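Number of protein chains: 2
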Amino acid sequence: MRAEIVSVGTELLLGQIVDTNAPYLSRLLPDFGITMHHRTTVGDNESRLTEALKLALSRSDIVFTIGGLGPTQDDLTKETVAKLVGDEMVIDEESARHMREFFAARGIEMPENNLKQAMGPVRGKILPNPLGTAPGAVFETESGKAIIVLPGPPREFIPMVCERVLPYLRERVGSESGIIRSRILRVVGLGESSVEDTIKRLLKSTNPTVAPYASLGEVQLRITANAANVVEADKLIDEMDRRIVELLGDRVFGRDGQTLEQVVVKTLVRRGLTLALAESCTGGLIANRITDIPGSSATFMAGVVSYSNEAKMNILGVDERLLIEYGAVSEQTARSMAEGARRKLGVDVAVSVTGIAGPAGGTPEKPIGLVYMALASGAGTIAQRHQFAGTRVDVKLRSSQAALDMLRTFLAVNT
Amino acid sequence: MRAEIVSVGTELLLGQIVDTNAPYLSRLLPDFGITMHHRTTVGDNESRLTEALKLALSRSDIVFTIGGLGPTQDDLTKETVAKLVGDEMVIDEESARHMREFFAARGIEMPENNLKQAMGPVRGKILPNPLGTAPGAVFETESGKAIIVLPGPPREFIPMVCERVLPYLRERVGSESGIIRSRILRVVGLGESSVEDTIKRLLKSTNPTVAPYASLGEVQLRITANAANVVEADKLIDEMDRRIVELLGDRVFGRDGQTLEQVVVKTLVRRGLTLALAESCTGGLIANRITDIPGSSATFMAGVVSYSNEAKMNILGVDERLLIEYGAVSEQTARSMAEGARRKLGVDVAVSVTGIAGPAGGTPEKPIGLVYMALASGAGTIAQRHQFAGTRVDVKLRSSQAALDMLRTFLAVNT
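Those protein sequence lines, which keep their order, are chains D and X.
The opening residue of the first sequence carries number 1 in the working numbering; numbering runs sequentially from there.
The opening residue of the second sequence carries number 1 in the working numbering; numbering runs sequentially from there.
Just so you know, the hints here were simulated from the structure itself, not pulled from any lab data.
Computed from a prediction, not measured in an experiment: that's the story for all the values here.
All clues stand as given, with none of them false.
Each pair may be met inside one copy or between any two copies, as identical chains are not told apart.
Derived lysine-lysine pairs resembling DSS-like cross-links, with alpha carbons at most 25 Å apart:
1. 116 x 204
2. 125 x 83
3. 116 x 200
4. 125 x 54
Given only the sequences and the hints, what does the whole structure look like? Please build it.
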């Protein structure tokens, strides 16, 4: 079975948005034995969209469209698809009701043109949108091919894929054909070339394959296996996973969508430990990452973003003499921040970060990217010194990554 | 003049890489009066690449290919293009020398198959690659159309575009043809349909055009003008900008890359005001956004992420009776947090946010997404109540957006 994606939107075409939806969906299709040979992007233009859809239908069994379901005049995907496959569009009462409730819950009167979003096909079927007002739809051609119409905003697109498209595919495709499955191993604290050097031998494997991909502060290893079924594929992947972990040890912190903050929050909650943060150069980024995790309030008590020296002294109790003698960016200050946060906020573990994120503020002795971090606990205080490269935002991100990893490693050792 | 992009690579097709190159190039083309109507992605497959190129050449004057210039057997873009346009490939001595030097400088013996990368067209011309071993090339068809072949890794692609493609386009397109320029007006505090309703009349304009785009907590209006030169285009854009601002007033907070946090930090610094934050449900996100801005340390003194009630009482001095009587998520607590932060941290302005980000913790009286925020200053304390939709991370983002906008509006009024 063959599928292809037609992404719709002038903003995509003009490069104002980077298309992350199409890659997201593409990664899921091999699990159903569905191959992809083409992807197309067109603007919000009826004739070009029609042409692109005709071409796609001529060579694929399933065509996904992404985008162009908004309430405005230039959103025309659903109407164009309906015309192409010869289906009719009517108001879907369920979607209209959902839309009215959506606006009512916000105390806003629903603009009339929004009702256009509640239109659905007569022959095809509506795919309700759990997080937005625009439902998707499955249209069917006379020869039994499908056009699956999905909304463009990623926060609506991703739940639509998980809750509507995957069940549809499971039903339609079944599990007869061979499948491709993959898993990502996430590695922190090592650069891409050290990771590659360490697992060099494994990179030559052909089934499963192992492909490294480096992002800021992390290296991802994608294991991809080809097998008759999910069980066989997972066996191949598990074995390779084991061999990689044998070589990289605890530098592998998670798999697939698991983030460093998820791992840390989960461990803290399981162990019943409370956490506080004292951030200077990361400016709240670590607290923000921790609090992105549902349930983090069970462990995370408070964070202090002590940007000024006054805040370091007044809230965290850092001694002014330390700041004068060693400076705000020093191991001594990092230690004092962590210890102060632990004492003042009455928590089990406190982590502090202080550094120079740039673009100004560097000196020959303390260059931009120099970052100290410390962790205070009942077992004493440990500290680390890092020198990071990149922009202000890069330094913030790398620092947050290193601080979360320091905490993760501490929790692994001090069980 | 029309152009289109064919991105080549199985990793792109499988979604293992997100294509940021095509959007990058797309953003630069309108300045040359070049329009884009299509973008295509195909895998490393000769026949499908040939088909995609034929189709692209049938409707465009310039076709860019990105990717597939590596040394391995599945990298076949250059060879495929040469065959299609009937050009011959020979070793380009300059590129071969550059490649030998590249390997010599790293003390590595050059693998023989790398020499394939130094092949270039006889009729067309080589585009030397300043940062990699694979040069690009311009191939020309008999009818005078061009296929511009570029490498896929972004760190090679971007310099190639800047140093090779832009000069080529400047020469080829010249300045006879008209140009297209655009500007984005950024709007906060109004939904997409209210914005559209308000400026309905202007959406019908054909030159410049106005196109709305909604993202989380913000609506963007792209004004695009077509004119003989930059001065004329900017005149059209300025006039439309003025008319939009006439209708939307101070809901327009910035233009193009300007963010809400940039506007806020700039105003605070100019006015010599100091800022503190007391965040509960936003969990450090506002502090993180503020500290992403270089120079924010001149105004931002400290932030407190008071996730627990203890932190609200101990650091911010919120009265326990308030928390008991009205709850942590209440206007009273929001006010007390802002006033406490202002007093305890000794700043001019303090902003607080407290709410229920979900996914758990909602009740019928205080549902998920209910957020209170307050701003304390020498002029007194103001508060706002919001009801936001979406996931935990959505509620955090929308709350941070509303809080920054409250601060921006306060600064605009209290001059």
